[in-house]
Every structure is written in structure tokens, then in C-alpha cells.
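Dock chain B against the given chain A, drawing on the hints supplied.
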Amino acid sequence: MKWISTFGRFWYDFVVGDSVVLAIGGCAVIVIGALLVWAGANAFTQIALPVIVVATLAASLRWPR
Amino acid sequence: MTGTALLVATAFLASAVEMVEALTIVLAVGLTRGWRTALIGMATAGAALAIVILALGPSLVRWVPLRGLQIVVGTLLLIFGLQWLRKAILRSSGLKAIHDEAAIFAREIEQLAADAAYGAGSMDWNGFVVSFKGVFLEGLEVAFIVLTFGANAGRFGPSIAGAVAAVVLVAGVGLLVHRPLSRVPENTIKFTVGVALTTFGTFWGGEGVGVDWRLGDVTLLLLAGFYAAAAFGLVAWLKATSASRSMATTEGSAA
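Read top to bottom, the protein sequences are chains A and B.
Position one of the first sequence corresponds to residue 407 (the working numbering), numbered consecutively onward.
Position one of the second sequence corresponds to residue 20 (the working numbering), numbered consecutively onward.
Because the hints were derived from the structure by calculation, they are not lab data.
Don't take each hint at face value.
What the hints assert, rightly or not - Okay, the calculated bits of chain B under chain A, using three or more residues with CB under 8 Å as the criterion:
id, stretch
1, 65 to 73
2, 95 to 107
3, 215 to 228
4, 231 to 237
What the hints assert, rightly or not - List time: in silico DMTMM-like cross-link candidates among lysine to aspartate or glutamate, alpha-carbon distance up to 20 Å:
id, chain 1, residue 1, chain 2, residue 2
5, B, K152, B, E40
6, B, K152, B, E129
7, B, K106, A, D419
8, B, K106, B, D231
9, B, K106, B, E40
10, B, K115, B, E226
11, B, K258, A, D419
12, B, K115, A, D424
13, B, K115, B, D236
14, B, K106, B, E160
15, B, K152, A, D419
16, A, K408, A, D419
17, B, K106, A, D424
Ideal placement from N, C-alpha and C gives every residue a C-beta, glycine not left out.
Chain A with its partners taken away, still in its complex shape (with noise of 0.2 Å):
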């Protein structure tokens, strides 16, 4: 059992790190991008994708955990 907790830990550190809001922010971005795309806004989404990330990054700078 001890080695699943372990092992679970790892990758929760590997991937969260020290913020959870960029994990969270990380996965958005992508998932915002696909309805985005789904919903023809292709010129619209290489416009607003990098802006969310740096909203997402600015964020978690503000929220420190």
C-alpha cells in the first residue's frame, strides 16, 4: 500500500508542483482551446490562448497555492 501512496505522491509532485492553480489553469487553457476551435473561432483562439495562460500564470502568482 505504502508504495501506491508513494508513487501517487511522486507524480502529484512531478505534475502539481507548487501550484495547484497552474495544473488546474494548464488543463483549462487546453480544454477552452477545443470548444473554441469546435466553435470556429480558429483566428480568435491564437489570439486568446496565450492571453488565458497569462492570465492562468498571473493567478497563481496571486494565489500562492
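Just chain B now, with coordinates in the frame of chain A:
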């Protein structure tokens, strides 16, 4: 061409940063527990990393559809890049202590020297584990970057070349100086790699979900420039807000 140069440069810089950290640990083990233990631990970790890359690399390209790979890899690179960038921004703005290899080296030496002594001629498992873990864990992120860059680009050459050049350079300098490389501008490199990983993450993740980047590889340069400018802006913003906060605290305590 733009993409290849960025691939090599990013793999080189990311590997250099992680290898400087691994070198600090190996040097601490070598000086306190003996070079035999330190080098066996380092070599075993290097072999384990090579097995991970050789086992996963070809199967990633062969079995996983490119679209799926781009989405997963793009998302992970984006998260990693933002983590590196966040740390670099916090350090540049003075809100987080600068990574100090000399201090880490001193702490490792103290801990290892305090551990129980071992019999002469026998294998020092404590030192081995510290050396192995240091190289393996620091190297795993590099292995991940090399793998994902190679898989997405459809060729592993550029990212492996960048990583190997960094390992050879850091190991060579480490052999020469026998001290932790505390003069490496680690935060600047972390900043650069953070920008690059975030750029590739956005680009590949976007491609994976169907974004058609109209400018092709030139988009990489535009994204990198935008993220670098935004990161500098965030450093300035954090400095300004922390300065105004400390001024308000000073005025409050004076009143």
C-alpha cells in the same frame, strides 16, 4: 529551422539547469562518502534514465496517435513551463529566495557527514541512494522534455543533442572545479526555459485540439516574445505591489 533551433536550445538549457542541481548532490556525496559511491549512484541513475528514454521513446511515436500525444504533451509542457516561469518570476521579484547551490551543497555535506559511518571497502548504500535519487529525479524532468520534444517533432535528434551537450558541459566543468556551480545564472536560465516550455506547450496543445497556427513555426517566436514580455511585466507588477505594501506597513506602524 526556427523550430529545430528552439528545440535544441530549450533541451540544452533545461538539461543544464537540472544537471547543475544533480552535480551539487553528487559532489556532496563524493566529498563526504567517497567518489566510488557517488559515481556508482550517478552511473546507475544515468542508465535508468537511458532505459526510460529508450523504452518509452519509440513506443510513444509508434503507438500513440499524434493528435493525442500533442494534447497530453502540450498540456504537460504548458504546466511545467508555467511552473518554471512562476518560480523565476517570484525569485526575480524578490518574493522567493534565489536558488543557492552553495547553501544546498553545505546542507547536503552536513547531513551526509552526520549519518552513521560505514565499513571501509563496503558499499555505502546511504551515499548511493542520495547520489542515485539526485541524478534520477533531476534527470527525469529532462528525460520527459527530451522525449516529448522528440515525439512531437517526429525526430529525437535535436532534443537529445541539446541534452547531451548540457550533460557533457556541466559534468566537464564539475570535474574541473570540484565545487558546486554557484555562478551559473540559474534564474535567468529558468526564466528562458519557462518561456520556451510554455511556448511549445501552447503551440503543440493548440495543434492537438485543432488550432491552425496561420504563421506556422514563426508563431513560436511570437508566442515566446509575448510570454517573455508578460513575465517581465509580472515581475515589475510584483515588485511594485510588494513595495507599496511594505510602505503601507511602515506608515501604519509609524502612525
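How the hints compare with the structure:
no.: 1; hint: 65 to 73; result: violated (count 0)
no.: 2; hint: 95 to 107; result: holds (count 8)
no.: 3; hint: 215 to 228; result: holds (count 7)
no.: 4; hint: 231 to 237; result: holds (count 3)
no.: 5; hint: K152/B / E40/B; result: holds (12 Å)
no.: 6; hint: K152/B / E129/B; result: holds (18 Å)
no.: 7; hint: K106/B / D419/A; result: holds (15 Å)
no.: 8; hint: K106/B / D231/B; result: violated (31 Å)
no.: 9; hint: K106/B / E40/B; result: holds (15 Å)
no.: 10; hint: K115/B / E226/B; result: violated (35 Å)
no.: 11; hint: K258/B / D419/A; result: violated (28 Å)
no.: 12; hint: K115/B / D424/A; result: holds (12 Å)
no.: 13; hint: K115/B / D236/B; result: violated (35 Å)
no.: 14; hint: K106/B / E160/B; result: holds (16 Å)
no.: 15; hint: K152/B / D419/A; result: holds (15 Å)
no.: 16; hint: K408/A / D419/A; result: holds (16 Å)
no.: 17; hint: K106/B / D424/A; result: holds (9 Å)
The earlier numbered hints that this structure contradicts are 1, 8, 10, 11, 13.
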